[in-house]
Amino acid sequence: MSLDQATVARIAHLARIRVAPDEAEALQKDLQDILAFVEQLGEVNTDDVPPMTSVTPQALRWRTDKVTDGKKADQVLANAPEQASGFYAVPRVVE
Amino acid sequence: MTTHPVLKGDTGDWEMVIGLEVHAQVISEAKLFSGSATEFGSAPNSQVSLVDAAMPGMLPVINEKCIEQAVRTGLGLKAEINKFSVFDRKNYFYADLPQGYQISQYLQPIVGKGEIVLDLPDGETRTVGITRLHLEQDAGKSLHDQDPTRTFVDLNRSGVALMEIVSEPDLRGPEEAAAYLRKLRAILRYLGTCDGNMEEGSMRCDVNISVRKVGDNEYGTRCEVKNVNSIRYVMAAIDYEARRQIDHIEDGGTVVQETRLWDTGRGETRPMRDKEEAHDYRYFPDPDLLPLEFDDAFIDGIRATLPELPDEKKERFVTHYGLSVYDAGVLVAERARADFYEAVVSGGPNGRRDPKICANWVITELFGALNKGGHDIDESPITADQLGGLVDLITDDTISGRIAKDVFAEMLETGHDAAAIVDAKGLRQVTDTGAIEGEIDTVLAANQDKVAEYKGGKQKLFGFFVGQVMKATQGKANPKLVNEILRSKLDG
Amino acid sequence: MTELNHLTISEALDGLAKGDFTSAELTRANLLAMEEARALNAFVTETPERAMSMAMASDDRRRAGEARPLDGIPIAVKDLYCTEGIRTMAGSHILEGFTPTYESTVTANLWRDGAVLLGKTNLDEFAMGSSNTTSYFGEVHNPWTLAEEPDARLVPGGSSGGSAACVAARIATASTGTDTGGSIRQPASFCGIVGMKPTYGRCSRWGIVAFASSLDQAGPMTRSVRDAALMLTSMAGFDPKDSTSVDRTVPDYAAALTGDIRGLKIGVPKEYRVDKMPPEIEILWQQGVEWMKAAGAEIVDVSLPHTKYALPAYYIVAPAEASSNLARYDGVRYGLRVPGNSLIEMYENTRAEGFGQEVKRRVMIGTYVLSAGYYDAYYLKAQKLRTLIARDFEAAYEKCDLLLTPTAPSTAFKVGDKQDDPIAMYLNDVFTVPANLAGLPGISVPAGLGADGAPLGLQLVGQAFEEETLFRAAGVLEEAAGFTATPALMVGEGA
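Protein chains in written order, with numbering that gives the first Met the number 0: chain A, 0 to 94; chain B, 0 to 491; chain C, 0 to 494.
To be clear, the hints were calculated from the coordinates, so they are not data collected in a lab. Here the structure is a predicted model, which is why all the values come from computation and not from measurement. In this text, a Cβ means the ideal position worked out from N, Cα and C, and glycines have one as well. Keep in mind that the hints are not guaranteed to be accurate.
[What the hints assert, rightly or not] Take a look, some chain C residues computed to stay more than 12 angstroms from chain B by CB distance:
hint	residue
1	M88
2	R204
3	K240
4	T243
5	R332
[As the list claims (entries may be wrong)] Pairs of lysine-lysine, DSSO-like flavour, derived with a Cα cap of 30 angstroms:
hint	chain 1	residue 1	chain 2	residue 2
6	B	K89	C	K240
7	A	K28	C	K417
8	B	K355	B	K449
9	A	K28	C	K307
10	A	K71	B	K404
11	A	K71	C	K240
12	B	K212	B	K112
13	B	K140	C	K240
14	B	K404	B	K355
15	A	K65	B	K82
16	B	K457	B	K424
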């Protein structure tokens, strides 16, 4: 599996991580090594094997429809890097 | 077979191919995966739990009501219910998506294929396929207009349960799209699974649209138009977008598959500027949740509580009450209207009023008046009992149909009972044959020439005499008696 | 008398019960040790005031005759557990200054039972690492040193390196760790202590910063098997806030330590004899087999044919889940924000500066294996391998009750080693990862020293929710091994 620079850049953007030009090469090599390592899974025939969905043999548990939370804007905003009038604030988005 | 609308182009006739993705907010007290409230219009970030804000280490736990509502809706859409379904994460970054992913259902949705029967304006019906329905989380709200340099984020909506209902690309024009949305909304309201309020955003619509030459079997390249939040705008967006695509192709261009925004102010669609460049959502099963499973008993329990839905109700109104398909359709379009109508019919001295007279008064008079004022049935100043009282006065000949209209107008105005108005204004019909005979004699005596003309063969003067009598009695004479007595005097 | 910071939990509970000392005294002894051993860099946040007030409250309860199961025991908590009002950063710059307004279920359970918080321990960033060298707060040093090179610093293992080091150095009576691929058991082996990972679903994950949701489990790190049993009895329990938490009653795990394993069938999986494994580990493993046999257990050869695929499957599943779990660190609601001219720039700047190299590698690998066109080849394939690995265990457990294996393929290595080779680093987890993939409980018990003088552990892996059997066998293994060696950088002299 070869992972070219363009792919590294695409993944970095998908993951929203800026990769400086001087980091890109080392990262490319590391990612390539890891992919080469995991590719040995290809040796195993898994055609009739179902993927694992959960290690715990139980069904999803449901909760009742009751309002038990909320009304804690102070807590929700307590760690916000930037807030205004009860909102989180981020750089302006143009749609 | 219904013929589809055709758009004329320079190179020939074009057909629209439309599929709708409706996001319907589930009616529930609490959110899909957290215990905070779903109410609309609270202070910013006040209906947010630490789960909704995606604080580190927070985990989702599913709300059973939302599962029930999805199954209920699936049953209402005559759809396959999947007893095993999976929640996936749809990964993308946005300021109002706190987790950096939306919990949704991708490969294994809770509801599979179903259908909706459209009631088209010409009285025809057409069946449109439903591809699937799945449960997912709503995002928060980004406000771009509060500050010149910043976007504000409110997470009150974050985590509210939505049903995404996807239609097959079976719709062929704005009218059909509108009929689809109206019918879907009616079904959701009947079921009580979504309030269908497009203005408040509890029902939102994305439109997938492509065009092709009439006769082509291949689909064209489609565009997705987002942010279309009323039926009127859906129709306008389809008109605009279809025409744009046709013009573009006829000018030698090709349609690019893209997401476009409906600009309500300009009445046009435009490409989204801040596109997520690479649409790569990296779906995978949410490891914080196990697969969703339930048994037939759960489905049957919900099925047992399903209300009568519009199509069945319409059928019953036609067969049971003898209404026209059109009238039945108007009545069942909203559950509240149908209920109102049935309340009118099922009252009265015999516990059953004449269904056709009732339908006429409900549809023509009451709906007409309400529509004029822009009111819903639940805002009607006249109750079903009161309207029934008016119908009773007509059927037992206390007042004539003409007087009834005046009484109805008075009822709308004052909210008083029909009988009270009739009594207070002395509108009771004159059924005393002696009194009517006297009035008729006076009229005939005063119009000897006309009587002679009538007897000479001018039969249509009969109406003139009736009118004169009614005028003399201020409309209170029983028209049937007037007719009978006049007939015996003139023809006898 | 033994210095107070050297006591195990059970010894300390005895002394507290008898009134030999108070929790305040016990806690103070540990706080002093903490100050003395700061060079280990085991703690990222010390909470001495909180510790003393909790200790005094504990002493009040004890005087009032209301002592709880762990009352007065000073413990350290991995900084992956959210603690109300105490900065929690998961070893990452991106959570700069984050102070939770909530308490993780597991730590809340510990406080409910009377435990005392000494501070938050250092860890690999977001628990991603096997050497505790990827923390934003710098590397943690192992209190053990090499016989030949006493000045060289060893890694404590990871990711729960701070939690392992502080227990080994006698700075905390016990600590909590989390184990996604061996993050409790491998550092326990490297630091000569007991480390236990329960069955997936046994401890609530609510309030623990997520690394890989389908693999993460909380567990205890202690200086005895009995202590691990005592800790788990408090930590475990059903939590309706975690959909993967299992609704089963929590037994008194310490009561399972009967010392009797006669008739127990212990499986030895042949696939764990890996290439290049140092002979001393092979020898220790064989020794462990002999110990168990001598105690009356029956030894059974078993096969786990897909063992070699566990590590590559893990290095797909864990990064994939992590890439999504770490998407919430975006500079909007908490933690670090590095400004940018647009929202996307703000994200990219924040995450570039906030995440360290190893986290970036894993987030990007995870993003890649989930991306369009690669999902089936990587993620789906890995989840299928997981099924096969789980089936291997099921088949083995038809023949035996427990498995005995080495915990790690080596003793602790020097700080700086394997830093440039992610794969070499990942191989540390070769024996621990399979239990995570199958959700099974495992425990590492210190069993001997390598030729270099550093400790080595042996691992027992049990069947799902059979922690009692696991503890029972671990107690026998501990007794037989009689591990009494102590690290050079331990605080105080001990007995």
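Each hint, compared with the structure:
| no. | hint | result |
| --- | --- | --- |
| 1 | M88 | violated, 10 angstroms |
| 2 | R204 | violated, 6 angstroms |
| 3 | K240 | violated, 6 angstroms |
| 4 | T243 | violated, 7 angstroms |
| 5 | R332 | violated, 6 angstroms |
| 6 | B:K89 / C:K240 | holds, 22 angstroms |
| 7 | A:K28 / C:K417 | holds, 16 angstroms |
| 8 | B:K355 / B:K449 | violated, 38 angstroms |
| 9 | A:K28 / C:K307 | holds, 23 angstroms |
| 10 | A:K71 / B:K404 | violated, 56 angstroms |
| 11 | A:K71 / C:K240 | holds, 18 angstroms |
| 12 | B:K212 / B:K112 | holds, 28 angstroms |
| 13 | B:K140 / C:K240 | holds, 26 angstroms |
| 14 | B:K404 / B:K355 | holds, 16 angstroms |
| 15 | A:K65 / B:K82 | holds, 24 angstroms |
| 16 | B:K457 / B:K424 | violated, 37 angstroms |
Hint compliance for this structure: hints 1, 2, 3, 4, 5, 8, 10, 16 are broken, all remaining hints hold.
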